[in-house]
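Here the protein sequences line up with chains B and S, keeping their order.
So for the first sequence, the numbering used here puts the first residue at 1; every next one is plus one.
So for the second sequence, the numbering used here puts the first residue at 1; every next one is plus one.
Treat the hints as calculated values from the structure; they're not laboratory data.
Incorrect hints may have been included.
Partial selection, computed: residues in chain S whose CB lies under 7 Å from chain B [stated by the list, open to error]:
1) L57
2) R121
3) Y144
4) V195
5) Q237
6) T241
7) A243
Over 10 Å on every C-beta distance to chain S, these chain B residues come out as not near it, computed from the model [to be verified]:
8) N100
9) L136
10) G173
11) A212
12) A236
13) R241
14) S257
15) R260
16) A298
17) E299
18) P309
19) Q327
20) R332
21) E336
From the derived model, a few chain S residues whose C-beta atoms are all more than 12 Å from chain B [stated by the list, open to error]:
22) R35
23) D55
24) S99
25) F105
26) M117
27) P174
28) W246
In this text, a Cβ means the ideal position worked out from N, Cα and C, and glycines have one as well.
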Amino acid sequence: MNRRAFLLGSSGLAACRRDRRPRLNVLNWSDYVADETIPDFVTEFGVRVRYATYESAEEMLAKVLSGNSGWDVVFPPNYFIQPMRENELLAPLDHALLPNLDHLEGEFRHPPWDPELSWSAPYMWGATGIAFNRSLQPAPDTWASLWAPRTAGRITMLDDPAEVIGASLKKLGLSVNATDARELDLARREALRQKPLVRAYLNAEVRDQLVAGDVLAAQLWATTAQQAIAGADDLAFVFPREGFPRYCDNAVILRESDRRDLAHSFLNYLLRPEVAAAVVTATQTATANAAAQHALDAEVRDNPALYPPPEILEKAEWFLPLPAGAQRLRDRIWTEIKAA
Amino acid sequence: MGRLRTLFLAPAAAWMLALMAAPTAIVCAYSLLTRGTYGGLGAPWTLENYRRLADPLYLSLLAHSFYIAGAATLICLALGFPLALFISRAGPRKHLYLSLVILPFWTSFLVRTYAWMFLLRDTGLVNTVLQTAGLIREPLPLLYNDGAVILGLVYGYLPFMALPIFATLERLDPHVVEASADLGARPLATVMRVVLPLARPGIVAGAVLVFIPCLGAYLTPDLLGGGKSAMIGNLIQNQFTNARDWPFGSAVSLALMAIVMALLYAGLRREGEKLL
Numbered sequence: 001m002n003r004r005a006f007l008l009g010s011s012g013l014a015a016c017r018r019d020r021r022p023r024l025n026v027l028n029w030s031d032y033v034a035d036e037t038i039p040d041f042v043t044e045f046g047v048r049v050r051y052a053t054y055e056s057a058e059e060m061l062a063k064v065l066s067g068n069s070g071w072d073v074v075f076p077p078n079y080f081i082q083p084m085r086e087n088e089l090l091a092p093l094d095h096a097l098l099p100n101l102d103h104l105e106g107e108f109r110h111p112p113w114d115p116e117l118s119w120s121a122p123y124m125w126g127a128t129g130i131a132f133n134r135s136l137q138p139a140p141d142t143w144a145s146l147w148a149p150r151t152a153g154r155i156t157m158l159d160d161p162a163e164v165i166g167a168s169l170k171k172l173g174l175s176v177n178a179t180d181a182r183e184l185d186l187a188r189r190e191a192l193r194q195k196p197l198v199r200a201y202l203n204a205e206v207r208d209q210l211v212a213g214d215v216l217a218a219q220l221w222a223t224t225a226q227q228a229i230a231g232a233d234d235l236a237f238v239f240p241r242e243g244f245p246r247y248c249d250n251a252v253i254l255r256e257s258d259r260r261d262l263a264h265s266f267l268n269y270l271l272r273p274e275v276a277a278a279v280v281t282a283t284q285t286a287t288a289n290a291a292a293q294h295a296l297d298a299e300v301r302d303n304p305a306l307y308p309p310p311e312i313l314e315k316a317e318w319f320l321p322l323p324a325g326a327q328r329l330r331d332r333i334w335t336e337i338k339a340a
Numbered sequence: 001m002g003r004l005r006t007l008f009l010a011p012a013a014a015w016m017l018a019l020m021a022a023p024t025a026i027v028c029a030y031s032l033l034t035r036g037t038y039g040g041l042g043a044p045w046t047l048e049n050y051r052r053l054a055d056p057l058y059l060s061l062l063a064h065s066f067y068i069a070g071a072a073t074l075i076c077l078a079l080g081f082p083l084a085l086f087i088s089r090a091g092p093r094k095h096l097y098l099s100l101v102i103l104p105f106w107t108s109f110l111v112r113t114y115a116w117m118f119l120l121r122d123t124g125l126v127n128t129v130l131q132t133a134g135l136i137r138e139p140l141p142l143l144y145n146d147g148a149v150i151l152g153l154v155y156g157y158l159p160f161m162a163l164p165i166f167a168t169l170e171r172l173d174p175h176v177v178e179a180s181a182d183l184g185a186r187p188l189a190t191v192m193r194v195v196l197p198l199a200r201p202g203i204v205a206g207a208v209l210v211f212i213p214c215l216g217a218y219l220t221p222d223l224l225g226g227g228k229s230a231m232i233g234n235l236i237q238n239q240f241t242n243a244r245d246w247p248f249g250s251a252v253s254l255a256l257m258a259i260v261m262a263l264l265y266a267g268l269r270r271e272g273e274k275l276l
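Full structure from sequences and hints, please.
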């Protein structure tokens with residue numbers, strides 16, 4: 001070994017020695033933890049965390065699909081659990097390492113997408129409804145009201161095929177998860193009929209325009225709506241009477257992870273009531289953690305937009321994974337809506 | 001000499017091979033595969049993805065993209081040619097004007113497009129000023145239509161039209177213009193019958209540089225069009241994200257590339273010699 005190689009090698013070794021703590025790699029939705037969530041975990045467990053975020057579930061899936069993405073923990077929505085299992089991307093959960101699973105609310109201990117929580121730990125959930133300006137009277141309370149001529153050019157729909165087609169299906173009294181070609185064709189017609197009345201297909205960007213009053217009603221996720229309502233008294237949110245879609249994001253450990261013990265510690269940490277409660281307060285999102293719920297301020301806990309009463313919640317429908325044929329059909333319908 | 005030439009060519013050739021040819025080959029391979037149930041790729045090999053392109057829906061999307069890109073290119077030409085002519089005749093201030101043309105590149109295109117959203121929306125600057133001045137009562141629908149998309153594209157790509165035209169105008173022999181005037185042509189006639197034909201190579205280069213990126217635009221139609229006037233770029237983006245249909249997305253990308261190359265070939269075969 002010559003001197004140069006020795007020096008290069010030794011400085012490399014020194015760099016390693018500086019930080020031999022294990023590193024957990026966490027890929028999460030943006031705005032989905034409190035400011036102190038990750039730093040507190042780092043301090044308490046004496047580890048490092050590489051934390052990055054994504055804006056859409058598809059983006060996350062595209063990253064981890066290869067099976068050597070370098071991530072340990074990700075947060076897929078409920079309708080991605082089965083596909084990710086079938087692609088052998090998930091590691092089984094060891095419940096002995098996750099005592100805090102007991103804090104989960106009843107319906108999330110045996111959710112339809114993973115009845116024994118063998119692969120996923122429910123984290124937070126959300127639903128889609130209508131954010132609207134209180135000056136709009138009578139106030140909208142159905143998806144059908146987004147087809148009314150009175151708000152032509154002053155409403156927006158989400159820029160998301162499952163949501164726009166889902167709202168059209170619900171308006172027709174059908175399931176948001178419809179796969180039948182005839183039912184989807186009816187939804188396609190509804191959406192095309194609505195398009196001339198729609199100002200734009202927007203996601204979170206619509207918040208500003210709701211606050212400014214440009215937009216009077218918007219199809220929106222409860223969480224996103226909550227962030228707009230916090231800045232404006234004249235805004236409100238409603239879950240449509242025809243029913244509405246619901247989704248739940250879950251913490252999972254990837255099969256490729258070689259730090260599964262640490263990943264379990266992280267999941268168990270997120271399930272602590274006080275940690276989960278801080279996340280809820282920071283993100284204005286509904287938690288699956290019953291114990292956290294009790295730790296919340298009454299104002300957050302009793303917010304009907306985040307935690308609707310049972311009679312409303314029973315009209316919600318979980319988004320499901322769809323077969324390939326239906327996905328392709330829905331994509332063609334979506335292209336047709338966007339191109340019309 | 002020969003070895004030196006090879007040596008000089010090697011870095012660029014390696015770069016193009018690794019970062020251009022190889023990815024394109026991968027896209028080619030993807031376009032012949034089948035989409036897995038939940039995204040991902042798999043056998044069997046198939047031409048199905050190309051067959052799907054014949055769907056009138058996708059053809060109308062392509063036609064719409066041509067319309068938007070064509071309109072943006074024409075407006076860029078109408079604005080870019082006088083601008084280039086002005087700068088080429090600006091004397092010592094030429095460099096100042098040139099740097100002003102390039103100035104917007106200091107900020108990301110995304111940020112500048114967002115700025116346009118703030119200008120154009122109902123409670124934006126333009127509508128507020130017009131309303132305060134009493135010129136309009138209701139805000140004008142400036143955002144979320146084809147006009148807004150074309151405006152955003154013209155704004156973004158105008159320098160790509162103005163700069164090549166400027167380059168040809170600057171090399172233009174001033175004596176030719178003088179001769180035209182001496183022979184009794186009015187200024188406008190000189191511009192139309194002498195300067196414009198001589199600037200042709202720059203105009204062709206500018207049109208190519210504007211039209212091609214506009215044809216594949218997806219950010220501008222999404223942000224300024226509000227997702228209501230989708231272009232072919234949005235279709236491709238959607239296949240790689242929401243639809244998780246990479247094979248079809250690859251096929252659409254390659255089809256778009258083929259169309260662009262056919263157009264370039266047809267257009268530049270006539271102009272090629274003058275450009276070089």
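These are the hints, each one checked on the structure:
1. L57: This hint holds: L57/S lies near chain B, its Cβ roughly 6 Å from the closest one there, short of 7 Å.
2. R121: holds (6 Å)
3. Y144: holds (4 Å)
4. V195: This hint is violated: V195/S lies away from chain B, its Cβ roughly 41 Å from the closest one there, beyond 7 Å.
5. Q237: violated (11 Å)
6. T241: holds (5 Å)
7. A243: Status holds, d = 4 Å.
8. N100: holds (30 Å)
9. L136: holds (16 Å)
10. G173: holds (26 Å)
11. A212: Given a closest Cβ separation of 4 Å, the condition is violated.
12. A236: holds (20 Å)
13. R241: holds (27 Å)
14. S257: Non-interface label on S257/B holds, nearest chain S Cβ at 20 Å vs cutoff 10 Å.
15. R260: holds (24 Å)
16. A298: holds (35 Å)
17. E299: holds (30 Å)
18. P309: At roughly 33 Å from the nearest Cβ of chain S, P309/B sits farther out than 10 Å, so the non-interface label holds.
19. Q327: Q327/B not clear of chain S: closest Cβ-Cβ about 7 Å, inside 10 Å.
20. R332: violated (7 Å)
21. E336: With a cut-off of 10 Å, E336/B comes too close to chain S, as the shortest Cβ separation is near 6 Å.
22. R35: Contrary to the label, R35/S does not stay out of reach of chain B, its closest Cβ about 7 Å off (not over 12 Å).
23. D55: The claim breaks: D55/S does not keep its Cβ more than 12 Å from every Cβ of chain B (closest is about 8 Å).
24. S99: holds (33 Å)
25. F105: F105/S is indeed farther than 12 Å from all Cβ atoms of chain B, at 25 Å.
26. M117: Non-interface label fails for M117/S: nearest chain B Cβ at 8 Å, not farther than 12 Å.
27. P174: Consistent with the label, P174/S stays out of reach of chain B, its closest Cβ about 50 Å off (over 12 Å).
28. W246: violated (9 Å)
Checked against the numbered hints given earlier, this structure breaks hints 4, 5, 11, 19, 20, 21, 22, 23, 26, 28; the rest are met.
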